[in-house]
Amino acid sequence: MNRIIYAVLFFVALLLLVRCSGELRSGLRPEVGEERSGGEGTILDASPNAFSFQVSNLTDEQGLFFFTGNSLFNQNWVTAPASATARDGLGPLFNAKSCSGCHFKDGRGKHPTTAGEINHGLLLRLSVGNDANGAPLPDPNYGGQLQDQSILSVQHEAAFEISYENIPGTYPDGTAYLLRKPIYTLKNLTQGKLSATQISPRIANQIIGLGLLEALEERTLLDLVEQQAAIDDGVTGKANYVWNIEAQKMTIGRFGWKANQPTLRQQVASAFAGDIGITSSLFPEDDAPTHSDYATQPNGGEPEITDENLGRVTLYSSTLAVPGRRDWDDKEVLAGKQLFESINCNSCHVQKLTTGKHPQFDALSYQTIRPYTDLLLHDMGEALADNSPEYLATGREWRTPPLWGIGLFDIVNGHTNYLHDGRARNLEEAILWHGGEAELSKQAFMQLNQAERNQLIQFLNSL
Amino acid sequence: MRKSIYLLVFCAGVIFFSACSKAGDNDAAKKAVIQDYATLVSDSYQAALADAQSLKTAINNFVANPTQETFDNAKKVWLEARESYGPTEAYRFAGGPIDIINGEEGPEGLLNSWPLDENYIDYTTGEGSVGIINDLENFPTINKAALEAVNTEGGEENVSIGYHAIEFLLWGQDNTAPATLQAGQRPYTDFVDEGTAPNADRRRQYLQICADLIIDHLQILVDQWKEDGSYRKTFLALEPEAALSKMLTAIATLSKSELAGERMFTPYDNQDQEDEHSCFSDNTHRDIRVNFDGIKHVYLAINGTNTGNSMSDLVKEADPTVAATVLDQLTATEQAVYATGIPFDHAIVDAEERKKVLAAVNALRKLGNQFAAAGAAIGIEVSTQLK
Chain P
0 MNRIIYAVLF FVALLLLVRC SGELRSGLRP EVGEERSGGE GTILDASPNA
50 FSFQVSNLTD EQGLFFFTGN SLFNQNWVTA PASATARDGL GPLFNAKSCS
100 GCHFKDGRGK HPTTAGEINH GLLLRLSVGN DANGAPLPDP NYGGQLQDQS
150 ILSVQHEAAF EISYENIPGT YPDGTAYLLR KPIYTLKNLT QGKLSATQIS
200 PRIANQIIGL GLLEALEERT LLDLVEQQAA IDDGVTGKAN YVWNIEAQKM
250 TIGRFGWKAN QPTLRQQVAS AFAGDIGITS SLFPEDDAPT HSDYATQPNG
300 GEPEITDENL GRVTLYSSTL AVPGRRDWDD KEVLAGKQLF ESINCNSCHV
350 QKLTTGKHPQ FDALSYQTIR PYTDLLLHDM GEALADNSPE YLATGREWRT
400 PPLWGIGLFD IVNGHTNYLH DGRARNLEEA ILWHGGEAEL SKQAFMQLNQ
450 AERNQLIQFL NSL
Chain Z
0 MRKSIYLLVF CAGVIFFSAC SKAGDNDAAK KAVIQDYATL VSDSYQAALA
50 DAQSLKTAIN NFVANPTQET FDNAKKVWLE ARESYGPTEA YRFAGGPIDI
100 INGEEGPEGL LNSWPLDENY IDYTTGEGSV GIINDLENFP TINKAALEAV
150 NTEGGEENVS IGYHAIEFLL WGQDNTAPAT LQAGQRPYTD FVDEGTAPNA
200 DRRRQYLQIC ADLIIDHLQI LVDQWKEDGS YRKTFLALEP EAALSKMLTA
250 IATLSKSELA GERMFTPYDN QDQEDEHSCF SDNTHRDIRV NFDGIKHVYL
300 AINGTNTGNS MSDLVKEADP TVAATVLDQL TATEQAVYAT GIPFDHAIVD
350 AEERKKVLAA VNALRKLGNQ FAAAGAAIGI EVSTQLK
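From first to last, the protein sequence lines are chains P and Z.
Numbering follows numbering that gives the first Met the number 0, in which position 203 of the first sequence is assigned residue number 202; successive positions increment by one, without gaps.
Numbering follows numbering that gives the first Met the number 0, in which position 44 of the second sequence is assigned residue number 43; successive positions increment by one, without gaps.
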């Protein structure tokens with residue numbers, strides 16, 4: 000009897016040991032809480048509305064203002080003058096009638112799939128050089144951005160078409176792949192000669208977690224600059240410094256594809272002016288050249304969006320929750336995460352950061368977040384270059400985009416297009432476009448076998 | 000020694016069985032609540048469908064013979080249809096077929112999207128030739144597939160179909176000042192050839208197709224929830240705690256976020272009638288009231304004239320104090336909601352009426368929190384968050 004018990008005990012102990020040592024050997028255990036990418040306010044939802052929840056722990060008042068912000072974010076602005084005075088002033092030139100026209104369901108803009116399709120989230124920035132601070136100088140006839148739509152009484156500026164050049168490639172293991180390089184052609188120019196020498200396509204970003212990024216202390220970002228400089232792996236991020244309208248000085252940039260906006264409020268106001276043609280106290284002018292009949296159109300008040308409503312939209316854009324991860328404890332995903340680290344993706348796509356005190360929203364303060372970005376500029380190589388410098392960002396540099404939520408684009412927005420202009424049709428292509436400071440990591444990715452590459456992609460899809 | 004062992008075994012046995020039978024009773028009680036809920040949901044969607052069929056008949060009669068009388072009748076029947084659809088909104092936010100079916104988005108957005116951009120569908124004051132109805136180039140044919148395909152295309156306000164599209168077609172823009180207490184004033188002659196607006200034939204077609212689509216989309220929900228319906232089976236097979244959590248999360252979210260936040264506070268804050276739920280017909284006060292009724296019916300298991308096994312009973316069994324607090328808040332909220340002014344567009348701009356709207360908002364917010372507390376009392380997690 001006793002013997003049997005001992006035998007059983009021994010066997011159980013053996014099982015436990017085998018199990019534990021197996022885990023220890025591969026190190027494949029999720030970190031406690033790693034699924035909560037956006038800290039305590041993370042929302043555990045993977046539905047088509049996954050990007051549209053407010054963070055928990057807002058004050059009662061903030062929680063209610065969020066809904067007003069949501070309404071302003073979704074509403075279509077109309078031509079002035081209109082009976083709906085709270086929402087008139089559209090254009091005269093615009094890329095979309097509402098924020099949600101590009102950031103549909105608070106998500107990632109769509110790359111046009113057919114010629115002539117109205118763009119829902121892709122636009123072209125235009126410049127003829129830069130001023131002394133580095134700010135792009137607008138085209139004299141077309142402004143700083145090509146608006147491909149307009150109110151009925153004026154002509155729109157122009158249209159653009161995208162054609163593709165196929166770029167075939169092969170992994171060391173023999174597997175072939177095909178990238179597509181977009182080529183932008185402007186057509187139907189209505190405002191005379193286009194002088195812009197720099198044309199930069201930009202796709203609308205998902206809106207989640209932005210207040211958390213704003214709550215990161217400047218010191219945190221500068222520490223990352225130093226850490227990267229200290230390691231000799233080719234990765235040397237730098238902070239952008241850009242014109243801060245309200246502070247009336249240059250401050251660190253955080254938002255936009257080139258870290259070209261210093262605050263969320265300025266980012267929101269700039270999008271209202273450039274994309275919808277809605278003026279604000281920060282941007283009292285539309286992005287429409289003054290020489291044309293655009294300037295004589297009736298406006299929807301001065302400014303067209305009040306500071307109060309701009310504040311509501313900024314609150315909304317600050318407090319959209321980051322969705323939690325799916326399958327973070329799956330062993331393939333964990334293996335992919337290990338590869339992500341071993342090939343150094345995480346030197347720019349920094350996994351874990353801690354926010355400081357947010358000036359307005361306590362719910363965003365002192366949070367451990369996993370944004371997978373350093374918010375710094377990196378040279379991404381010639382193939383991705385837009386050759387459009389913006390402040391300290393050169394024509395080859397882009398801000399590391401946050402990766403949280405990237406596995407949900409298909410569910411929320413019905414596509415899997417990535418990178419600044421949506422050229423990558425899936426995550427694998429997005430990785431293969433990496434160059435410059437990320438060249439070594441890309442090479443390492445290509446050296447992985449098919450199963451490992453899939454693990455890495457599975458990991459990215461769990462974000 | 001041996002005796003004490005028997006005694007121990009006996010005691011253990013008693014504890015084991017009593018624990019089991021207690022758990023068994025509790026489980027049976029929960030299952031009864033869940034069962035009655037499924038019946039309530041099924042009956043409510045069937046009622047909504049029956050009213051939508053009446054709406055279709057009224058619209059067909061109007062289109063066949065457009066007169067002031069048939070027009071007024073169509074509006075009357077639309078208002079009636081909202082009475083039975085409104086309470087079903089208490090079944091949203093629960094991962095049910097209204098929101099999601101087999102991983103795909105459910106028909107909610109096709110049925111009840113708002114606010115809508117009038118220009119997307121038809122002419123508005125100052126813009127005489129806009130909208131799908133007047134766009135012969137991009138929409139040469141107006142049919143179900145064409146209209147459904149462009150719903151919310153390129154922006155969340157680009158609503159092409161659903162109850163509110165019909166509402167806009169029947170009432171038109173509400174261009175009058177809220178103080179005049181008037182709804183939209185579209186003339187029925189907009190639907191008469193050579194009448195008050197071009198493309199009357201296409202407007203008639205559009206209206207009929209919207210009515211047909213509402214029936215199609217409600218039918219999906221009826222089929223999912225009927226006896227042996229696909230989702231009903233899935234729902235009844237859930238762990239009782241999971242099913243109860245869905246039920247409570249749904250009404251807590253509707254109360255605290257959708258109704259208090261999106262539908263009441265936003266127009267209150269903006270003071271803009273464009274932000275009210277049924278802005279063309281000035282029927283928002285009824286939307287708010289019947290949404291609340293839906294919440295109450297779920298919590299108290301009220302189905303028509305019957306009262307079934309309720310969530311409230313479960314909470315009472317677990318914690319009478321919490322149960323009483325929730326019931327008090329339910330009553331207070333009902334009073335606050337029913338005290339808000341009519342029409343709602345006036346209630347959000349008039350200084351005295353605004354106070355009542357805000358009181359109702361706060362009551363609904365509190366009720367949502369109370370539902371979360373009720374969930375905690377019976378050991379289930381409840382979320383009140385909303386997009």
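I should point out that these hints are in silico values taken from the structure, not numbers from a laboratory.
Worth double-checking, as some hints may not be accurate.
[As the list claims (entries may be wrong)] Between beta-carbon pairs, the in silico distance windows are:
1) P/Ser162 x Z/Ala145: 47 to 57 Å
2) Z/Leu237 x P/Ile230: 45 to 55 Å
3) Z/Glu152 x P/Arg325: 19 to 29 Å
Predicted model only: the values in this text are computed from it and were never measured.
Note that beta-carbon positions come from the ideal geometry of N, C-alpha and C, so glycine has one too.
So, going through the hints one by one against the coordinates:
| no. | hint | verdict |
| --- | --- | --- |
| 1 | P/Ser162 x Z/Ala145: 47 to 57 Å | violated, 29 Å |
| 2 | Z/Leu237 x P/Ile230: 45 to 55 Å | holds, 51 Å |
| 3 | Z/Glu152 x P/Arg325: 19 to 29 Å | holds, 28 Å |
Going through the hint list in order, the structure does not satisfy hint 1, though it satisfies all others.
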